[in-house]
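K.L.:
These are the residues of each chain, in order.
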Amino acid sequence: MCDKELWPEGVQRCSLKLFIAWLLVIFAVMAWGLYAAYVVWSGGLIVTGMDNYFAFGLYIIFDLAVIALGAGAFFSGLLYYLIRVDGLKNIINLAVIIGFICYSGALLILTLEVGQPLRAWFGFWHPNVHSMLTEVIFCITCYMIVLTIEFIPIILENRKLNKVKFLHHVAHNFHVIMPLFAGVGAFLSFFHQGSLGGMYGVLFSRPYAFREGFFIWPWTFFLFILSAVASGPGFTMLVATLMEKMTGRKLVDFSVKALMGKISGVMLAIYLIFKYLDTWGWYAGILPRSGLTFSEMFYGLAYGKWLLFSELIVFGLVPCVLLLYSKTRNTPWILYSACTMVGIGVIINRYVQTAQTLAHPVMPFDRWYVYVPTWAEWAPSLAVVAYGALILSLAYRYLPVFPQERKLNPA
Amino acid sequence: MVLYLKEFKVKWGMVIDLDRCTGCGACMVACQAENNLAPPVDASNKRYSMTWMLVYQLSNKQPYPNHDVAYMPRPCLQCGKPNCVPVCPVIATDKNQEGGIVSMVNARCIGCRYCQAACPYHARYFNWHDPVWPEGMEKTLTQDVSTRPRGVVEKCLYCHHRFMYARDKARIEGRDPNALAEDDYIPACVEMCPTNAITFGDLANPEHKVHKLSKSPYAFRLLERLNTDPQLYYYSQREWVRRQGDNFLEHETVGGV
Chain C
1 MCDKELWPEG VQRCSLKLFI AWLLVIFAVM AWGLYAAYVV WSGGLIVTGM
51 DNYFAFGLYI IFDLAVIALG AGAFFSGLLY YLIRVDGLKN IINLAVIIGF
101 ICYSGALLIL TLEVGQPLRA WFGFWHPNVH SMLTEVIFCI TCYMIVLTIE
151 FIPIILENRK LNKVKFLHHV AHNFHVIMPL FAGVGAFLSF FHQGSLGGMY
201 GVLFSRPYAF REGFFIWPWT FFLFILSAVA SGPGFTMLVA TLMEKMTGRK
251 LVDFSVKALM GKISGVMLAI YLIFKYLDTW GWYAGILPRS GLTFSEMFYG
301 LAYGKWLLFS ELIVFGLVPC VLLLYSKTRN TPWILYSACT MVGIGVIINR
351 YVQTAQTLAH PVMPFDRWYV YVPTWAEWAP SLAVVAYGAL ILSLAYRYLP
401 VFPQERKLNP A
Chain S
1 MVLYLKEFKV KWGMVIDLDR CTGCGACMVA CQAENNLAPP VDASNKRYSM
51 TWMLVYQLSN KQPYPNHDVA YMPRPCLQCG KPNCVPVCPV IATDKNQEGG
101 IVSMVNARCI GCRYCQAACP YHARYFNWHD PVWPEGMEKT LTQDVSTRPR
151 GVVEKCLYCH HRFMYARDKA RIEGRDPNAL AEDDYIPACV EMCPTNAITF
201 GDLANPEHKV HKLSKSPYAF RLLERLNTDP QLYYYSQREW VRRQGDNFLE
251 HETVGGV
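Those protein sequence lines, which keep their order, are chains C and S.
Those letters in the first sequence? Residues 1 to 411, per the numbering used here, in order.
Those letters in the second sequence? Residues 1 to 257, per the numbering used here, in order.
Hint data in this document are derived by calculation from the structure and do not stem from the laboratory.
One should not assume that every hint holds.
Derived list of chain S stretches under chain C, where covered just means 3 residues or more per stretch with a C-beta under 8 Å from a C-beta of chain C [stated by the list, open to error]: (1) 79 to 91; (2) 110 to 117; (3) 142 to 155; (4) 195 to 205; (5) 230 to 242.
Here are the computed distance ranges between Cβ atoms for each label pair [claimed, not checked]: (6) S:GLU173 x C:PHE214: 50 to 56 Å; (7) C:GLY281 x S:THR195: 41 to 47 Å; (8) S:LEU5 x C:LYS89: 47 to 53 Å; (9) S:GLU224 x C:LYS89: 53 to 59 Å; (10) S:GLU173 x C:THR374: 52 to 58 Å.
Given the structure is predicted, the values throughout are model-derived calculations rather than measurements.
Virtual Cβ for every residue (Gly too), placed ideally from N, Cα, C.
Working from the sequences, and respecting the hints, build out all of it.
P.N.:
This is the structure in structure tokens:
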């Protein structure tokens, strides 16, 4: 039994047996996540670590993180299709697939996060135009459709499918109109990435999160966009590298990876300038106005100052410098480490924005609590990671995701 | 960041005298019975309990003999500028009815809990459990208060059904339902308080007691610096109690006499 006829032309893949064994591992993790989903849907969110203090938990932190890391899709699309950064053509397919995985995964997690998932459509039927969350609901759903449209031609380029004349033409025509969707995707992404940050910035009754801003958009709106575009391209590059390590094949030329690293570094530098200004404004303006001191915003290990220091310096400034200098950027292990650090920095940011905002006791007679996620939150999150591995495995095996693969791996 | 703010001619509000409150919890019990709050699954875990009205204990943290405590009942503060309302993605909560009570349409709520995250007073509660009443107890439910399913957020509505009763009564008696007298409409917690610590009425009406009390130099509002503009005042002649009503930097002084 062999599925060789389905592989992209001129490439080598592992045996079907090994592939199926790998898929079984993935399915096992997904089954665990599905069981957790069943427990949550049937028993309610009481099985999670969330409570009346922590209205949001790992589900939201995970969603915010994957949506930020999935930003490589829209930003690479914007740079390649609209700004014509030609080098990105060798990684754009992967960026789209990762975006698709991240967004569809985030939507799956959201069905667990809301207390009444069957009422989720109310967001479209009874929208509150003043809510940042409404904007997120609309933009994420629309962008998910855009990502699906962007994914379709990649699927149709499968060797077998592409032999069907109609599908071949569909794929071709999708490619022709792709700049339009790249533009729409970029527009939608700017807004929902921003609104996810805006969701916290508008909480004027939560001094840890509250930010002033420009017109209706708090500064967190812009910071979330910038941090997403700083981490997304690097994450795409890291996934390509991980796939190379796992398959033992060269998939993307290092110059493309270094280019992704450079994009990440430049965007991170811009982000950090504004983030430092924002942190200073919060420290010197919002906190004293609320009668609070800097030290009062931190607590213990889970919400300590070390998180702020890590986010801004260790996983902010350090990788930024490493990515901006061509010598360090062009050293593979430094490039990979720096992009990993950028990703960690963004995850810390999404964590503190969510958990620390809620943990800080605003009422002076209240106390700090620590949020600890339960297995019912970890399992679906890991299942989404497994779901991502499934999509990537199938895409790598059967679709021409990497245009350079044949050239980089001569028979 | 709130783009809309509505002004009301009538502002139902409370003034809670913390020097009178003994922390007996009768207001909490009255609220639970009146508003059909199901008996909790595990009452020992306060982070999951449903208490639209919750009595906090405040302490001056001084050693004996200077030690002093106060009790602070906390219903929904019906903020004039509520953070919970503009964030709701489905308009399940609003502040648009004359009287200024922040509404909650449980049948509309999708359970995203964004409003809960927005409320610094923890006045919003998520239904973690299916509400279950022991056999026979369902006969004690208040008929005009709908029960809520698992997975939605709920909150104190100043016994809104009593407001509706009062308006109906005024109509039947040929009076103006928009100009209720002070005793026409009283929430359950106010009615049940054994020490008369809670005064209820129209904050905007100079003839109502709450109007006068809210102007006292001993009156203060919880977390006033956040600009949520609550329709609920606390009252205490003790300076340390007033100081716990908000966050203050070390050099800042608290209001009062």
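K.L.:
Give a verdict on every hint.
P.N.:
Verification of the hints:
With 7 residues having a beta carbon nearer than 8 Å to a beta carbon of chain C, the region 79 to 91 of chain S meets the requirement of three or more and the stated coverage holds. Closer than 8 Å: that is the beta-carbon criterion, and the region 110 to 117 of chain S has 7 residues meeting it against chain C, so the requirement of 3 holds. For a cut-off of 8 Å, the count of residues in the region 142 to 155 of chain S with a CB near a CB of chain C stands at 5, and the three-residue condition holds. For a cut-off of 8 Å, the count of residues in the region 195 to 205 of chain S with a CB near a CB of chain C stands at 0, and the three-residue condition is violated.
With a cut-off of 8 Å between beta carbons, the region 230 to 242 of chain S has 0 residues touching chain C; three or more are needed, and the interface restraint is violated. Remark: the range hint 50 to 56 Å for GLU173 (chain S) to PHE214 (chain C) is upheld by a beta-carbon distance near 54 Å. Our hint of 41 to 47 Å for GLY281 (chain C) and THR195 (chain S) holds, since their Cβ atoms are close to 46 Å apart. The beta-carbon spacing between LEU5 (chain S) and LYS89 (chain C), approximately 51 Å, falls within the hinted interval of 47 to 53 Å.
GLU224 (chain S) and LYS89 (chain C) have their C-beta atoms about 58 Å apart, which keeps the hinted 53 to 59 Å range intact. In this structure the hint that GLU173 (chain S) and THR374 (chain C) lie 52 to 58 Å apart at CB holds, the actual value being about 56 Å.
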